[in-house]
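> With these hints in hand, go ahead and build the complete structure from the sequences.
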Amino acid sequence: MPRAADDPAHQTDAPDASVILPAYNVAPFLERAARSALSQEGVAVELIIIDDASSDETHDVAQALAAGDPRVRVLRHARNLGCAPARNAGAAAARGRWIALLDADDAFLPGRLARLIGMAEANGFDALSDLPLFHDLKAGKPAPRQLPADGALELLTPRRFLERSVDPDAPLDYGLLKPIYRRALAASGRMTYPADERHGADFFGYLGALAAGVRFGVLHEALYAFSTRIGGVTGEYSPGSVTPVNYRAIASATRRHIEALRRAGRPLGDLPLDEACAMLELRVAKALELNAKYGWNTLRKGAWDRHWRWLRQDPRNPPLLAAMVARKTVRRALGRGPGS
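Mind the numbering: the sequence shown is residues 1 to 340 in UniProt numbering, read in order.
I should point out that these hints are in silico values taken from the structure, not numbers from a laboratory. No false leads were mixed into what you were given.
30 Å max Cα-Cα, derived DSSO-like pairs, lysine-lysine: (1) K286 x K301; (2) K328 x K286; (3) K293 x K141; (4) K138 x K178; (5) K138 x K301; (6) K328 x K301.
Computed from a prediction, not measured in an experiment: that's the story for all the values here.
As structure tokens, then:
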């Protein structure tokens, strides 16, 4: 169980949790995220910040945090590698019994780590996530609409995870979860993030862990403040969302995963091979649909930097946009409304 905050042993023993915080050009938000981890009560924590070759003041902020608190360590990449290698580097350096993930534009709610560690140890989980509390970073407040959080404890299987991740009507894509997990899982290779995937690496890491038999649960309590890409209060893009979005890359990575599964010729945990591949094909379709929506929304909202980046991302995006504009123009002319 987690140690009491006033237990002097936490100063010398391995901490209860190592919080892994990748950081790339997030200087304005890094301290908020870090303080939310360092202020967790009832647990001994260390914070490992991985500066992924930032070009702003992120490294200076991280170094100042480390200078002011011996629980903070800073790693620095010479070149930008992406979130997955940063997380893997942090996990390799971790000393805690549990590893906790934190994105630099997000925050832990008070008591989160003690709650998750206690529930995981009491129920025999190797990995346990909670639900996100949707947060509008620009407004500095939670979104008005949140997920139902009834306190239920859900055991994931590959089937359940894919159902939650590929269904366009599911309230939450489980590839977005931010679990805690036992450090031994990282050491054994059962919980890692594919270093060659810059987009959607969480999804593949969790699916691989479930296929390897990791006991992975979801506690239906919202204890992780998740900054949504579009704020639920302002309706504007989050200033903390600095990593380029590439849904086509997610679709391509998923296709590669399907090909690898077929070559292996084995079921995916509780899923027969053909059913697993069919569900992953749905993820491909979902990613392509989200790609189109992102291109249209960045145009509609006048988010020009994001929009031009999306247009240049893939040669198929400009003709896709032209087709969407033509289709909506025809619908307006026929009196069906822009969203018909």
